[in-house]
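Assemble chain V onto chain G, guided by the hints.
Protein chains in written order, with full-length UniProt numbering: chain G, 1 to 405; chain V, 1 to 241.
Just so you know, the hints here were simulated from the structure itself, not pulled from any lab data. Here the structure is a predicted model, which means the values were calculated and not measured. Even glycine gets a Cβ: it sits at the ideal position worked out from N, Cα and C. Some clues are possibly wrong.
If the Cβ cut is set under 8 Å, some of the chain G residues that face chain V in the computed set are [as the list claims (entries may be wrong)]: (1) Lys9; (2) Asn10; (3) Phe75; (4) Lys293; (5) Glu295; (6) Met298; (7) Val300; (8) Ile302; (9) Gly303; (10) Met304; (11) Pro399; (12) Val400.
Covered stretches of chain V (in silico footprint by chain G; criterion: 3 or more residues with CB under 8 Å from a CB of chain G, positions within the stretch not fixed) [stated by the list, open to error]: (13) 134 to 145; (14) 160 to 169; (15) 195 to 204.
What follows is the residue order along each chain.
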Amino acid sequence: MWIIKLAWKNLWRNRSRTLITVAAIFFAVILSTIAESLKQGVFENLVKNVVSFYTGYIQVHKSGYQDEQILDNSFEQNPTIEATIYRKSNISTVTPRLEAFGLASSEDLTKGCLITGISPEKENKITALKSRLVSGHYLDNDDRSVLLAEGLAERLKLGTGDTVILIGQGYHGATAAGKYPVKGILKFGSPQLNDKVLYMSLPATQEFFSAEGMVTSYILSIRTEKELNASAEAVKKAIGKNYEVMTWEELLPDIKQHIAADSNNMKVVQGVLYLLICFGIFSTMLMMMLERKFELGMLVAIGMKKSRLILLFIAESVLTVLTGCLTGILASVPLIFYLNKHPIRIGGDTAKAYERFGFEAIFPTSTDSSIFVYQALVVLLIGLGLSLYPIAKVMQLKPVTAMKK
Amino acid sequence: MEKTVIDAHNISKIYNPETIPVYAVNNVHLHLLEGEFTALVGPSGSGKTTLLNLIGGLDKPNEGNIYINGTDITKLSAGKLIDFRLHNIGFVFQSFNLIPVLTAKENAEFIMLLQGIKKSEREKRLQQLFKEIGLEDKTDIRPSQLSGGQQQRVAVARALASRPHFILADEPTANLDSVSASNLLDLMEKLNREENMTFLFSTHDQRVIERARRVITLVDGRIASDSAAVPTSIPHEQVVT
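This is chain G alone, in the form it adopts within the complex (with noise of 0.2 Å):
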C-alpha cells in the first residue's frame, strides 16, 4: 500500500508534467472512444437501415434455398415451427414470406418483378412497410390486392386504384396467373427494390402461386443485434438440419464487406490516437527517468529492492494512464450519449446520396458500454507496456554507476 501512496505522491513531484500526459491520454481517450462509438453507431445505423429494408436479421429457408431460389424450394407453413423460432429469448418477431419472380403486365406494359407475399401486420413490425406508403392504403392480413414499389408502378404506369395483372410459374410447374388492384404505392431508397417489389398478403400469394400453405422464408428480427449469431445457432439448433438459417451477414456479404473495410480505415485513425498516447507516456517516463536516475540508485544503495523499484514504476504507470483514462471516459460518456440523442447530421451531396437510399443522414454514436471498458483496457495495456522501458533501466540500475554526478 505504501509503494502505491509512494507513486501517487512521486506523480506530483513535477505537476505540470504529469498534467500534460494526463491531458494527452484524457483527450486521447475523448477522441479514441467517440472515433469508436460512431463507428459502431454509424454501422449499426447502417445495418438497421438496411436490415429493416428487406432481408431482416435472420432468414430461415427450405435447405438449398438460398443456392435455388424457386418455389419449388418452398416449405410448409408450420405454426409449430414459428413458436418454437418465437421462443428463442432474442427473436422479437417471426413473419412468414412467399416470394417468386413474375411477370406484371398493365395495359400495355409487362415487366418482371418480385412478387412478395407478407403476412402485413407482422412484416410491418420487421421492415416497416406501412411507413413507405406514399399513396393508397396498407394491406389487410386477406387482402386480395396489391402494394406496388413506386419505380415499379411508374415503369407500369400504375397507381392507386388500377389494376395490375401478374403471370408467372407456380408451384411444381403450375400456372400462375391473375389480376390485383393496386391498393398503394411503396418508396423505398434502394433503387433495386424501388424497381420491382411488388407485394401481396400471404393467403392471396399462396393462391396465387398454387402453392397453398407454403412459405419461402420466415424473416426474423432480433432484440440484441450482438447476439446475432448466437440467435441464428440457437434457432437452427432447435429446428434441425432441414431448414438452413442465415444470417443478414451471410445474405448481404457485399454490406458486411463494406463494414470490415471501412473499420479497418478507422482503426488507423485510432492507431495515431494510441501513437499519440504513446509517446505522451513514454517521454514522461525518460525524462522521469533521467531526472530521478540519482535518487533511483539511491534508493537501491540505502536497501530497496529492484522488484519494490519496479513496482512503483508501474503504480505511477498505472495511476497516471488510469487517471488520463477515467477523466477521459467520464467526460465522454455525456458527449457520447449527447451525440447517440443528437446525432451529427451531415449536409451536401453525401446527405442526397444517404437519403436517395432512404437512409437518414445522420451519423449516431453507439453508446454501447464496452467501447469504454475496450478503451480503458487498451489504454492501461499500453501503459503498463511502455513501462517496461523503466523496468529494463530498473534491472541494469547499479547504484554506484547511478548516483555517480
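Only chain V this time, still in chain G's reference frame:
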C-alpha cells in the same frame, strides 16, 4: 572483547583490468571495531569513495574479501546484497538524498517500511530518532523546506532507523556551512558515544578530521597512514594463513 564490524582483506578495485588497469583501491586491508569513529581522508581521486562503496556493498572488488559482521559480502548475489545493506549498513550521502515528495518523518520511516517493521514500532523509533537529531518540530516538513544541515540530520535519522551495524558517510559535511557541520558532528559523536554506533566517513573537512578518533589516509588507492594503535595494513599472506 571488542567486536569486529568491518574486516576487509587485500581488497583491490581495478578499472579496465584487461586494457590499461587503473587501481582505484589497491590491496587495502581494513579492520574496524564496533564503536569506532573513523575518518577516511585523502586527496581527490585517492579512492575514498570507491573504498566506501566496496565496504558498503555497492560495488564489488576485483580482488579480496570484505567481511561485515562475519559475512563475506563479496560472495553475496546482487539481490542478497541489497537485502544485506538494508539490514546491516546505514548510508549518509554527501548530497543528503532524501526523497523530495516525503516529509522528514516519512523519509526516516521509509527504510523501516522496506524492512517490514510494524507501524507501532516505527512510530516508537521515529519519535526517539527525531528527539536525538533535535528535529521533533520538523517531522511533517518536506526536505525542500529544511536547511542543508537539517536535511543531513534527517539523512542520519534514516540511516539509523534501520538499526544498522555501522554507518558509512560519504563526505557528510561537504555541502554544509560550518555551524551545520559542527551540529552534525555533535550528533554523530553523541550517537557514537551513547549508542556505540560505528561510523566510517570519508572527508576533506579538517573540522571533521580533528574530531575523528581514528584517521586513515588513502593515497593512490593505498592506505598511507592509519592513526589506530592496531595495525590495519596486514600483509595478505598473514591474513590467508
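Hints and how they fare:
1. With its C-beta approaching chain V no nearer than about 4 Å, G:Lys9 sits inside the 8 Å limit, and its interface hint holds.
2. Satisfaction of the interface hint for G:Asn10 is found here, the shortest Cβ-Cβ separation to chain V being roughly 6 Å, below the 8 Å cut-off.
3. A least Cβ separation of about 74 Å between G:Phe75 and chain V goes past the 8 Å threshold, and the interface hint is therefore violated.
4. Hint on G:Lys293 is violated. Least Cβ distance to chain V is approximately 12 Å, over the 8 Å limit.
5. Proximity of G:Glu295 to chain V holds as hinted, the smallest CB-CB distance being about 7 Å (cut-off 8 Å).
6. About 4 Å separates the beta-carbon of G:Met298 from the nearest beta-carbon of chain V, less than 8 Å, and the hint is met.
7. For the restraint placing G:Val300 at the interface with chain V, the shortest Cβ-Cβ distance is roughly 6 Å, inside the 8 Å limit, so the hint holds.
8. Hint on G:Ile302 holds. Least Cβ distance to chain V is approximately 5 Å, under the 8 Å limit.
9. A hinted interface residue such as G:Gly303 counts as satisfied when its beta carbon comes closer than 8 Å to some beta carbon of chain V; here the least separation is about 3 Å, so the hint holds.
10. Because the beta carbon of G:Met304 sits about 6 Å from the nearest beta carbon in chain V, less than 8 Å, this interface hint is met.
11. Satisfaction of the interface hint for G:Pro399 is found here, the shortest Cβ-Cβ separation to chain V being roughly 5 Å, below the 8 Å cut-off.
12. Checking G:Val400 against chain V: minimum C-beta separation of about 5 Å stays under 8 Å; hint holds.
13. Judged by the Cβ-Cβ criterion of 8 Å, the region 134 to 145 of chain V is not covered by chain G as claimed, because only 0 of its residues qualify and three are needed.
14. Only residues whose beta carbon comes within less than 8 Å of a beta carbon in chain G count, and the region 160 to 169 of chain V has 1; fewer than three means the coverage is violated.
15. As drawn, the region 195 to 204 of chain V meets chain G at 0 residues by the rule of a beta-carbon pair under 8 Å; below three, the given contact is violated.
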